[in-house]
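Protein chains: 2
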Amino acid sequence: MNVSKVISTISEKTKNGITEVYLVACGGSLVDMYPSKYFLESEAKKIVTGLYTANEFIHARPKRLNKDSVVIVCSHGGNTPESVGAAKTAKEQGAHTIGLTHNKEADLLKYSDFPFLYEWGADSDVKNNPMAIILELSVEILKNAEGYDHYEAFHNGMGKINGIIEEGKKLVAPRAKVFADKYRAEELFYILTSGASYGHAYGFAICSLMEMQWLNAAPIHSGEYFHGPFEVTDKETPFILMMNEGRTRALDERALSFLQKYAEKVEVVDAKELGISTIADEVVEFFNPVLFYSILCVYREALADVRNHPLETRRYMGKVAY
Amino acid sequence: MNVSKVISTISEKTKNGITEVYLVACGGSLVDMYPSKYFLESEAKKIVTGLYTANEFIHARPKRLNKDSVVIVCSHGGNTPESVGAAKTAKEQGAHTIGLTHNKEADLLKYSDFPFLYEWGADSDVKNNPMAIILELSVEILKNAEGYDHYEAFHNGMGKINGIIEEGKKLVAPRAKVFADKYRAEELFYILTSGASYGHAYGFAICSLMEMQWLNAAPIHSGEYFHGPFEVTDKETPFILMMNEGRTRALDERALSFLQKYAEKVEVVDAKELGISTIADEVVEFFNPVLFYSILCVYREALADVRNHPLETRRYMGKVAY
Chain A
1 MNVSKVISTI SEKTKNGITE VYLVACGGSL VDMYPSKYFL ESEAKKIVTG
51 LYTANEFIHA RPKRLNKDSV VIVCSHGGNT PESVGAAKTA KEQGAHTIGL
101 THNKEADLLK YSDFPFLYEW GADSDVKNNP MAIILELSVE ILKNAEGYDH
151 YEAFHNGMGK INGIIEEGKK LVAPRAKVFA DKYRAEELFY ILTSGASYGH
201 AYGFAICSLM EMQWLNAAPI HSGEYFHGPF EVTDKETPFI LMMNEGRTRA
251 LDERALSFLQ KYAEKVEVVD AKELGISTIA DEVVEFFNPV LFYSILCVYR
301 EALADVRNHP LETRRYMGKV AY
Chain B
1 MNVSKVISTI SEKTKNGITE VYLVACGGSL VDMYPSKYFL ESEAKKIVTG
51 LYTANEFIHA RPKRLNKDSV VIVCSHGGNT PESVGAAKTA KEQGAHTIGL
101 THNKEADLLK YSDFPFLYEW GADSDVKNNP MAIILELSVE ILKNAEGYDH
151 YEAFHNGMGK INGIIEEGKK LVAPRAKVFA DKYRAEELFY ILTSGASYGH
201 AYGFAICSLM EMQWLNAAPI HSGEYFHGPF EVTDKETPFI LMMNEGRTRA
251 LDERALSFLQ KYAEKVEVVD AKELGISTIA DEVVEFFNPV LFYSILCVYR
301 EALADVRNHP LETRRYMGKV AY
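Same order as they appear, the protein sequences are chains A and B.
Under my numbering, think of the first position of the first sequence as 1, with each following residue one higher.
Under my numbering, think of the first position of the second sequence as 1, with each following residue one higher.
Same shape as in the complex, but just chain A (with noise of 0.2 Å):
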């Protein structure tokens, strides 16, 4: 489907314009979705957002939801249960669904009026994976309700993030495999960084290291650290900080010298190292998640390799019932 397209399509069937947009899905799903919030959050004066966990959605539905909100749901599978149900659940209220899946047999495109059937794998350019998508539909939201001057430069980025990932991962291929070396007796490790790319400390967190390694973590977002996380960092407790280029970047820095000084343990995955700051300033924040999820996967699949834990062993997910 064409991102432009299906805007100008939904706004001219609502009544003033497209008035909310929710981000809803779970788990990775739910973390590629971050971006947007971020970025409607910070850059949009009229339009309303809203990040949900597929289930809250369905179960706490919002009262806002309405006639001229759209919904946006995303399932890799396309058949998780809470996904398609919160599609459900926006269609019965009358909104616009916009469903994201990588299976064209999905029951997400029953209730999804524009289906996105997206590209996966590392051969694909990011630009079509779900994160990006979703990032260009907030984008062309923003523009279509409201307005964004920075439009043209965010589509300058989006056409040099995957070459900018492409020289990023080379780099860092070394650095993983000393990295996985290193810490691959670790049982926990905390993820750091602020802005559009907290949602890929959380998943870093709970998809790459608790689901796929069955290793403790949780994400702390580098302006929470210095009020009550930062009591846990010793020598000996493991940090991964992934430093931002953009606005946010000082609250990172802050973090980094912190850990530099108190801390031994520190993977550092700077943004700005990678060469993402050829992107205009005025957009480069909201890319660095999309460059920080492609080279933490190398960081995770040489952990998995040294562990002997390859990254699709699950014990529960697809396994059991629950």
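Hints in this document: simulated from the structure, not taken from any laboratory.
Source: prediction; values computed, not measured.
Treat the hints loosely; a few may be bogus.
To be verified - Straight-line distance between alpha carbons at most 27 Å, and here's what the computed DSSO-like set of lysine-lysine pairs gives:
| id | chain 1 | residue 1 | chain 2 | residue 2 |
| --- | --- | --- | --- | --- |
| 1 | A | Lys-15 | A | Lys-46 |
| 2 | A | Lys-46 | B | Lys-13 |
| 3 | A | Lys-45 | B | Lys-67 |
| 4 | B | Lys-45 | A | Lys-63 |
| 5 | A | Lys-63 | B | Lys-272 |
| 6 | A | Lys-272 | B | Lys-63 |
| 7 | A | Lys-45 | B | Lys-143 |
| 8 | B | Lys-91 | B | Lys-45 |
| 9 | B | Lys-15 | A | Lys-143 |
| 10 | A | Lys-67 | B | Lys-46 |
| 11 | A | Lys-13 | A | Lys-63 |
| 12 | B | Lys-67 | A | Lys-46 |
| 13 | B | Lys-63 | A | Lys-15 |
| 14 | A | Lys-46 | B | Lys-143 |
| 15 | B | Lys-88 | A | Lys-46 |
| 16 | B | Lys-143 | A | Lys-15 |
| 17 | A | Lys-45 | B | Lys-63 |
| 18 | A | Lys-143 | A | Lys-127 |
| 19 | B | Lys-88 | A | Lys-45 |
| 20 | A | Lys-127 | A | Lys-5 |
| 21 | B | Lys-67 | A | Lys-143 |
| 22 | B | Lys-67 | A | Lys-63 |
| 23 | B | Lys-13 | A | Lys-45 |
| 24 | B | Lys-46 | A | Lys-13 |
| 25 | B | Lys-319 | A | Lys-265 |
| 26 | B | Lys-63 | A | Lys-160 |
| 27 | A | Lys-143 | B | Lys-46 |
| 28 | B | Lys-265 | A | Lys-319 |
Guided by the hints, dock chain B onto chain A, whose structure is given.
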């Protein structure tokens, strides 16, 4: 200050009524704002809300912030630089600021159009603590801006919650001792819950366990648990599940069923069992976190006792430069 008078005074100064409520703080004070974010996102049809850690609010200020916005800032000591800075930022944009603190000499008061000096300590009625005051402010703003059907039920609930808590604390005191004895040597806890209480799962993790006990911890949303995090579940890993009364209870019950089957170290704190259901159905869910905070304080005190690690012990906070 009188909540109703403050909100009507602000409202009279706006062009078309209050349009946004920004909830801005750090750490434990931010935690106390989550129920208000949940309430407004659930109940409002016009009012927009945003929850920000203070330094991100300063560095990545939402463009929507304007003269008809209310920015609520809370800082217990009242001199947290990021929180004071956030209130300053809000005033520079012409927004109306409400500042909550326990310190009558607080720098925060310099940038607070409407200050609330709140009560604190085990003897204070929870309705005079910041979580309840911020919730009351949010309810008042909703009523003022667009009406709120359950205003009276909410205030009835506010009149009941302190008594429910007092009874609940007695009930859990012996359980908390058993819990503390059983888990005294654990180094990590996962805290599960949903709905309005999710902020307090985060808060118990980052403040009560990480900051005050130097223990590893992470919050998990009961709805998200099944989409990654549950893969770490085993008979060795401790989970604390706060079960809400209200619309999201089904999510917590699902987590409970799974934990009962695959985990062994599970502590359940059930708001329903603790007597919260005397509060009206339409509003009861918003009071769960008020109850959980006080009840979990009994647990953390018991844990601090057996671990010989007083709750006020710090190694960095207020002791080193950061």
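Each hint tested on the structure:
no.	hint	verdict
1	A:Lys-15 with A:Lys-46	15 Å, holds
2	A:Lys-46 with B:Lys-13	21 Å, holds
3	A:Lys-45 with B:Lys-67	13 Å, holds
4	B:Lys-45 with A:Lys-63	6 Å, holds
5	A:Lys-63 with B:Lys-272	25 Å, holds
6	A:Lys-272 with B:Lys-63	25 Å, holds
7	A:Lys-45 with B:Lys-143	23 Å, holds
8	B:Lys-91 with B:Lys-45	26 Å, holds
9	B:Lys-15 with A:Lys-143	26 Å, holds
10	A:Lys-67 with B:Lys-46	15 Å, holds
11	A:Lys-13 with A:Lys-63	21 Å, holds
12	B:Lys-67 with A:Lys-46	15 Å, holds
13	B:Lys-63 with A:Lys-15	25 Å, holds
14	A:Lys-46 with B:Lys-143	21 Å, holds
15	B:Lys-88 with A:Lys-46	24 Å, holds
16	B:Lys-143 with A:Lys-15	26 Å, holds
17	A:Lys-45 with B:Lys-63	6 Å, holds
18	A:Lys-143 with A:Lys-127	19 Å, holds
19	B:Lys-88 with A:Lys-45	21 Å, holds
20	A:Lys-127 with A:Lys-5	17 Å, holds
21	B:Lys-67 with A:Lys-143	23 Å, holds
22	B:Lys-67 with A:Lys-63	26 Å, holds
23	B:Lys-13 with A:Lys-45	20 Å, holds
24	B:Lys-46 with A:Lys-13	21 Å, holds
25	B:Lys-319 with A:Lys-265	22 Å, holds
26	B:Lys-63 with A:Lys-160	26 Å, holds
27	A:Lys-143 with B:Lys-46	21 Å, holds
28	B:Lys-265 with A:Lys-319	22 Å, holds
Checked against the numbered hints listed earlier, the structure breaks none of them; every hint is satisfied.
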